[in-house]
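Those protein sequences? They're chains A and B, same order as listed.
Heads up, the first sequence is in the UniProt record's numbering, so the first residue is 1 and it goes up one at a time.
Heads up, the second sequence is in the UniProt record's numbering, so the first residue is 1 and it goes up one at a time.
Hints are computed from structural coordinates only; laboratory data are not their basis.
Note that the structure is a prediction, hence the values are computed from the model and not measured.
Backbone N, C-alpha and C define an ideal beta-carbon position, used for all residues, glycine too.
Accuracy of the hints is not assured; some may be wrong.
What the hints assert, rightly or not - Stretch by stretch, here's where chain A covers chain B in the computed footprint (C-beta under 8 Å, at least three residues): (1) 23-34; (2) 229-242; (3) 286-294.
Said to hold, decoys possible - Where chain B lies over chain A, by a calculated footprint (3+ residues, C-beta under 8 Å): (4) 58-71; (5) 463-470; (6) 497-509.
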Amino acid sequence: MAAPNGTAEAPIEVSAIPTVVGINFGNSYASIAVLTKEGSAECIANEDGERQIACAVAFFGEEMYVGNQAKHQLVKNSQNTITGFRNLLGKKFSDIPKDRPTASAPVIQHPDHPDEPAYKVQILQAAPTPLPTTASNTPAASQAATPRSEPTPAERILTVSEVTSIFLKSLVQSAEDFLGKKVQGAVISIPAWFNEAQRAALEKAAADAGIKVLQLLEEAGAAAVTATSNASAQGISADRTQLIVDLGSSALELSLLSIRDGLAHSLATLSDPGVGGDAIDDKLIKYFAKEFTKKTKTPLAVAPAADAQDRRAEAKLRLAVEHTKRTISASPGAATCAVESLKDGLDYTGSINRLRFDMEARSVYERVYAKVQELVAAAGLDLYDVDEIVYVGGSASLPGLDEHLAQGFTESIATPFTAGTVVGGGEGDPTTILARGCALQAKLLALLAEETEEEREVKSAFAYGSKWQQAKATNKTIGMLFPEENAEGPLGGQWIPVVLRETVVPARRTVSFEVDLGESEEKKVGFEVWEAKEGVKIEKIKPPRDEEEEEEEEEEDIEVKEKTVEKESLLASLTLAAKEASQKNGRWTTKLEVQFVVDAEGKLSVTAWEVGKNGRGEQASVAVGPA
Amino acid sequence: MANVVELPVVPPPLPKSWSPAESTAKTISPLVERRLLPAGPAYLAHVKRAVHKLTFEEHDKHVEEERKRLEALNGNGANGQDDLGVGEEEEPEELLALDAKEWKKQDHYAVLGLSHLRYKATEDQIRIAHRKKVLKHHPDKKAGLAGDSNDDSFFKCIQKAFEVLINPERRRQFDSVDPYFELLEEDVPTASQITKAKDPNAAFFKLFAPVFEREARFSRKQPVPMLGTYEESKETVEAFYDFWYNFDSWRSYEYLDKEVNEGSDNRDDKRYTEKKNKSERARRKKEDIARLRGIVDLALSLDPRIKRIKQEEKEAREAKKKSKGGPAAVNGAKNEEEEKRKAEEEARRKEEEEKIARAEAKKAKAAAANAAKKARRAARAADGDA
Numbered sequence: 001m002a003a004p005n006g007t008a009e010a011p012i013e014v015s016a017i018p019t020v021v022g023i024n025f026g027n028s029y030a031s032i033a034v035l036t037k038e039g040s041a042e043c044i045a046n047e048d049g050e051r052q053i054a055c056a057v058a059f060f061g062e063e064m065y066v067g068n069q070a071k072h073q074l075v076k077n078s079q080n081t082i083t084g085f086r087n088l089l090g091k092k093f094s095d096i097p098k099d100r101p102t103a104s105a106p107v108i109q110h111p112d113h114p115d116e117p118a119y120k121v122q123i124l125q126a127a128p129t130p131l132p133t134t135a136s137n138t139p140a141a142s143q144a145a146t147p148r149s150e151p152t153p154a155e156r157i158l159t160v161s162e163v164t165s166i167f168l169k170s171l172v173q174s175a176e177d178f179l180g181k182k183v184q185g186a187v188i189s190i191p192a193w194f195n196e197a198q199r200a201a202l203e204k205a206a207a208d209a210g211i212k213v214l215q216l217l218e219e220a221g222a223a224a225v226t227a228t229s230n231a232s233a234q235g236i237s238a239d240r241t242q243l244i245v246d247l248g249s250s251a252l253e254l255s256l257l258s259i260r261d262g263l264a265h266s267l268a269t270l271s272d273p274g275v276g277g278d279a280i281d282d283k284l285i286k287y288f289a290k291e292f293t294k295k296t297k298t299p300l301a302v303a304p305a306a307d308a309q310d311r312r313a314e315a316k317l318r319l320a321v322e323h324t325k326r327t328i329s330a331s332p333g334a335a336t337c338a339v340e341s342l343k344d345g346l347d348y349t350g351s352i353n354r355l356r357f358d359m360e361a362r363s364v365y366e367r368v369y370a371k372v373q374e375l376v377a378a379a380g381l382d383l384y385d386v387d388e389i390v391y392v393g394g395s396a397s398l399p400g401l402d403e404h405l406a407q408g409f410t411e412s413i414a415t416p417f418t419a420g421t422v423v424g425g426g427e428g429d430p431t432t433i434l435a436r437g438c439a440l441q442a443k444l445l446a447l448l449a450e451e452t453e454e455e456r457e458v459k460s461a462f463a464y465g466s467k468w469q470q471a472k473a474t475n476k477t478i479g480m481l482f483p484e485e486n487a488e489g490p491l492g493g494q495w496i497p498v499v500l501r502e503t504v505v506p507a508r509r510t511v512s513f514e515v516d517l518g519e520s521e522e523k524k525v526g527f528e529v530w531e532a533k534e535g536v537k538i539e540k541i542k543p544p545r546d547e548e549e550e551e552e553e554e555e556e557d558i559e560v561k562e563k564t565v566e567k568e569s570l571l572a573s574l575t576l577a578a579k580e581a582s583q584k585n586g587r588w589t590t591k592l593e594v595q596f597v598v599d600a601e602g603k604l605s606v607t608a609w610e611v612g613k614n615g616r617g618e619q620a621s622v623a624v625g626p627a
Numbered sequence: 001m002a003n004v005v006e007l008p009v010v011p012p013p014l015p016k017s018w019s020p021a022e023s024t025a026k027t028i029s030p031l032v033e034r035r036l037l038p039a040g041p042a043y044l045a046h047v048k049r050a051v052h053k054l055t056f057e058e059h060d061k062h063v064e065e066e067r068k069r070l071e072a073l074n075g076n077g078a079n080g081q082d083d084l085g086v087g088e089e090e091e092p093e094e095l096l097a098l099d100a101k102e103w104k105k106q107d108h109y110a111v112l113g114l115s116h117l118r119y120k121a122t123e124d125q126i127r128i129a130h131r132k133k134v135l136k137h138h139p140d141k142k143a144g145l146a147g148d149s150n151d152d153s154f155f156k157c158i159q160k161a162f163e164v165l166i167n168p169e170r171r172r173q174f175d176s177v178d179p180y181f182e183l184l185e186e187d188v189p190t191a192s193q194i195t196k197a198k199d200p201n202a203a204f205f206k207l208f209a210p211v212f213e214r215e216a217r218f219s220r221k222q223p224v225p226m227l228g229t230y231e232e233s234k235e236t237v238e239a240f241y242d243f244w245y246n247f248d249s250w251r252s253y254e255y256l257d258k259e260v261n262e263g264s265d266n267r268d269d270k271r272y273t274e275k276k277n278k279s280e281r282a283r284r285k286k287e288d289i290a291r292l293r294g295i296v297d298l299a300l301s302l303d304p305r306i307k308r309i310k311q312e313e314k315e316a317r318e319a320k321k322k323s324k325g326g327p328a329a330v331n332g333a334k335n336e337e338e339e340k341r342k343a344e345e346e347a348r349r350k351e352e353e354e355k356i357a358r359a360e361a362k363k364a365k366a367a368a369a370n371a372a373k374k375a376r377r378a379a380r381a382a383d384g385d386a
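The task is simple: from the sequences and hints, build the whole structure.
Below, the structure is given as structure tokens:
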């Protein structure tokens, strides 16, 4: 049969969404994010239904456990359970502090490679294959001793890189199971303090696991990607100073970013390995242990635990308080902690409410607050200069932390808690923010073309230490001043900041607004372009005296902060005749659009248009700076 | 387009006394060095601008082009799934009001929303189109809607259409009598249309090309030679007409058979209907062959290429005839004479040259002989002296 049917041309192939993943690889927990059909990123659960995957690998007999299952091995099989391996990547054995007590497999010197850290675990090797047989299926003559038929106990030495490979492989496997497709590439998050050797070690471990690493992205960058991916929806300006509080389980990392129209650079970073979820855990464990002793009259000393029994009790409690913390973060009520056979065969069930919890965790919160102040001061700014806080990490999901921190900032500060995006895995969910940022970054990188020299150059700009990352930023805020008769304050008019300080050049900002032209017939718009110094004025005022509680009240001044603007230098002025003005209630108004462009050399050009019904009208422009 | 930030502020009117003041600074304050975080689309845009050395306006243009390109690419599968170009088609009122009992009269392609593809639709496309229509018109979806919720007439039409089109044999039968093409078939160009046209040559190709393209789908032999252009060679044109006069069509008319009345058990009745159907099919087929032959005849009679070929052949014949006698022969004789004369002259010149050469050679020989004699004499004299 000849085939006139079925000859329509095939439609164009559209590569919809690349199969790439974002991996947040923390020291204690990791998470994976994939791209959804709509192109947004979503954190996925692994096969255990866990979004926060514990960075742990455990060996028990012939089995190997990875993730949260491995964490449970810490109770009975801690010597064969490996945790906290990420921070050892790329480090020499001699660099690792040995004095810290660990609950997991100890770090040892690798027997073959000099100065390389490794883990030694006890495993059971699978039974070897039986002796070779002859054609008649009888054992062939052999000098070798008859092999054992059951698995043999053996020692296995694993380098940090190997452990990382095993772990990353399991993460990617989870993602592949979820997607049903091979993962083509991944972006992995790293802390800002990772040096060249550590980056290289992680990249090698990922390559061993068969993962194509598109980029190792600094955690602050990943957070910024997520935070800027829908900035307009949140109603915050695209130019803002963002504080990233990353309170993981083992460390606190703070970054102060200047985000200008999506372009981010770091103003200051700070990391403190002493603060974290583990510190909160310690407090909670102590609290519950005390409660336990009160209830059962059984002595229990934890953190640090004295004997083996107490140590095991501590490990059990440590696993249980994880759940308590999550409950506290998610709901306003009390959270329970239940452990079966905590000590001497006695079960324990106790509860803690949010107030009590915050009291226990207060010292941690305070330390975070102190570090935040230290960080902002290091950047030469004030807490009032911060426009937005982004929380990252499991411990940062605690509402108490936000409440504690918020006291120092302006009232208008945007946090995921005020925006209500934390609960239910929303946009600002601190536990998934990094993985999602990495996934979005992976999508961006996977779609980059690589055909021409220039396109390859663009791609290379995402590598570590690329020269394109060096940029220049403005030092002072540039804005417009609309002079006003009888204006209040020292400015003498209305100030509209346009190009904020710490804006990377070349930069372009376009603003549009209505202008009041008054009642006169001479319709003219004019404004001055100033460079200004922004600051924060701190005034100390006496607290208002409360008559009744006078005796107990301590006399302390209250600090009142106020943002200030000081004119520094007049750069130019611009006037424009308004032709498209419309009259309303006797006053003329018109719409103005002003564009500021600062080029790479710092030359500023200001262009203003009047926007009428037929689009942009005549333009007036002025340039300042080296020609 | 640049990101325009709408500000909620309304600046006050300009004071009367204000006049542009002298600027107090020539440049903005010195820039500071910063290290960017290589993350996010904004960084990509920044690097692109730097690497390609683009201004903001040029970059805007690039971004806009890229967006348009992607939009065009994604246009077909707007819902993210590849629908093999089936797309959405409008469903006019008449189509939705079709009666499933009259399924033989419906346009199955239109019912499935494939009227832009028709006989070209692949099996996969038919399946996709059917699935789309079913999802839209399934009676379960209509439950709870206003009106008669039991009205599943169009759904039945869809099922019927799918039944017909998914079976290759039945689809072929339907394709043979596709109502869309039936209408077109009646519209065959006439002789007067072409001869009366301003440019009969162009009109012929313009009017006949689609006719042959349309008919080509019935051929068992593929590919089918098409009408082509005026410049086609004699062989191609002959092959074209040869093919079309021996056209092997798969077109058949089972689809138009009268239904055998299933209700009656009368065997004679059935046989009678079958016999009638058979003769009817044969008659239609004959008519169709005659119709196609008529078209080819008409095309042949009007084909400007045939005229051109005949003209060329005639010219060639005449040229041949003329070459045997007449002015062309006279001319040839003249040429020959001239050539002869030239050759003779050449020969004569050569002879003379040779004569001269021979004479000279003789002289030289004689001179040489004399010289030798002299030398011998001198030698003898010298001997005598000695």
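Which numbered hints are broken by the structure, listed smallest first?
2, 3 and 4
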